[in-house]
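Residue numbers (the numbering used here), protein chains in the order written: chain R, 1 to 313; chain X, 1 to 248.
Note that these hints are calculated values from the structure, not bench results.
Heads up, the beta-carbon is just placed ideally off N, CA and C, and yes, glycines get one too.
Worth double-checking, as some hints may not be accurate.
Using C-beta positions, here's what the derived DEER-type ranges look like [what the hints assert, rightly or not]:
#	chain 1	residue 1	chain 2	residue 2	range
1	R	T94	X	G145	38 to 44 Å
2	X	F72	R	T206	34 to 40 Å
3	R	H109	X	G169	38 to 44 Å
4	X	G169	R	T94	55 to 61 Å
Here are some chain X residues the structure puts well away from chain R; computed CB gaps all over 12 Å [claimed, not checked]:
#	residue
5	T28
6	V46
7	V77
8	Y184
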Amino acid sequence: MPMRHLLSIDDLDRGAIERILARAASFAEVSGREIKKLPTLRGRRVLNLFYENSTRTRSSFEIAAKTLSADVTNFSPSGSSVAKGESLKDTVQTLSAYDPAAIVVRHPHAGAAAMVSRWTPAAVVNAGDGKHEHPTQALLDVYTLHRRLGALDGKRVWIVGDIAHSRVARSDILAFTKMGAHVTVCGPPTLIPLGIEALGATVRYTLDDLREADVVYALRMQNERMTDAYIPSLREYVAHYQINGRRLGPRQIVMHPGPVNRGVEIAGEVVDSPQAVITAQVEAGVVVRMAVLYELLAGARSGAPEPTAPVLA
Amino acid sequence: MAAAMLTGMRAPGADLVIRGAHVLDPHTKIDGVHDVVVRGGEIAAVAAPGSAETPPGAEEVAGEGRRLFPGFVDPHVHLRTPGHEHKEHIETGTRSAAAGGYCAVVAMPNTDPVLDSAPLLSALRDAAERDARVPVGFMPAITRGLQGTELTEMAELREQGAVGFTDDGKPVVSAGMLRRAMRYQKLCGGVSRSTRRTRRSPGAASCTRARWRRGSGWPGSRRSARRSWSPATRCSPATRRRARTSST
Chain R
1 MPMRHLLSID DLDRGAIERI LARAASFAEV SGREIKKLPT LRGRRVLNLF YENSTRTRSS
61 FEIAAKTLSA DVTNFSPSGS SVAKGESLKD TVQTLSAYDP AAIVVRHPHA GAAAMVSRWT
121 PAAVVNAGDG KHEHPTQALL DVYTLHRRLG ALDGKRVWIV GDIAHSRVAR SDILAFTKMG
181 AHVTVCGPPT LIPLGIEALG ATVRYTLDDL READVVYALR MQNERMTDAY IPSLREYVAH
241 YQINGRRLGP RQIVMHPGPV NRGVEIAGEV VDSPQAVITA QVEAGVVVRM AVLYELLAGA
301 RSGAPEPTAP VLA
Chain X
1 MAAAMLTGMR APGADLVIRG AHVLDPHTKI DGVHDVVVRG GEIAAVAAPG SAETPPGAEE
61 VAGEGRRLFP GFVDPHVHLR TPGHEHKEHI ETGTRSAAAG GYCAVVAMPN TDPVLDSAPL
121 LSALRDAAER DARVPVGFMP AITRGLQGTE LTEMAELREQ GAVGFTDDGK PVVSAGMLRR
181 AMRYQKLCGG VSRSTRRTRR SPGAASCTRA RWRRGSGWPG SRRSARRSWS PATRCSPATR
241 RRARTSST
């Protein structure tokens, strides 16, 4: 059965993830060509609906859709009727009248993408909803690791930093464990949500055992989502949790979803070292998002409203 | 409390035999006349009266007709250094502690400036090393300036020898802040002490279903927070009124 929406990694099983990765790998070949264009989605409309700032996600979705020959429209709340008070529902219904094949949504509130999927006949891709999930980021992370390490079964991934405010962490924990890896989350106790173990991760509060990790995934301190002082100071955070040359072993792979705060969660020399695959992650963003759009749109009937269809068929 | 965190123990431990005193120690349930042998400052033996031998070089103390207690520890004293030395300072405070039978004290952070940073703690420990008459432990603030809004650098303070953390007579303003402080201390193995109840309700909660809360990152309502905010616990009429209006 084809997927209708991509709202959460929870909705995918290992087979579906592997199918998307394989598709992404085949698209990687296209990215290497001089003329980077496939006719797959010619004549289909893709709407980028971003209620939050973004560099990587938005541009890579745009490039992915254009590479597949879709027509892309970018929508942002500033300079639109949202500034006049239009609700998310009305905005989505208005934009749906243009008959887009897919809507890519980023929104500051958890569950926004799932709600949008109920208001539109288009396929909905969650490009980040609050602190909830960022599934395409997790897929491109799995893709990047696959390229470096092969199968993830039995590999140890440490996700370090502000877990509490990170949708990337939540999606990554789900995706990495589905692919057979052991995930450990590590950070100041105030930035690790109680009960995160339920998602399948082990919790540590110090980096003492960081050397056991095959992969170290550093997260940014998400100041924009912090409503209160969760840590005493960035200085003390750096002293205990910064990923730097002193703490890393030579074989460990370092990942970061960007944007990087050099010298805070990760030392500049690590960002620039060959251990870091941060640029490879950005590259993977395009092909993985192409694969997601392909999964959702290629073969699916265009624009037929299915109000009674389940969120994920 | 680990002895390593206390400062001001310059005198070598004494060798003593205290004979025939009425020993009282509720903790070990001793209540009777005994001889007590002290070696190197530590209790080496509690023996029947008249039976303890005097080690060579040890001082004998006649305890007949007197009471003998374990050394007292006062975990809440104000040595007023820095900032209020006209009221008290490390030497006077610890002298009076010694005179009253206290063998260790823990100083509160409501000084001026507030004891909330590692450099100040380090300076105070140096001063105690020099001036204190009994071992002193320092308990820095949980929040900067005792203001209840930002956590102190507890991991670093702990490395500098903080015995625990407290906002002293001030309540930590919100239950959420207190909970965060206690969670943060997993990093440094410290203990916090709040001598007053929190002043504000636990804060907004938008969902109570644990699985959804963890997955979505939405703030949840925790049972512990609700319990700590039971109006039945001791609080002023004003906070009780607030509790009634803010309970959901």
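What are the numbers of the hints that this structure violates, sorted from low to high?
-> 1 and 8
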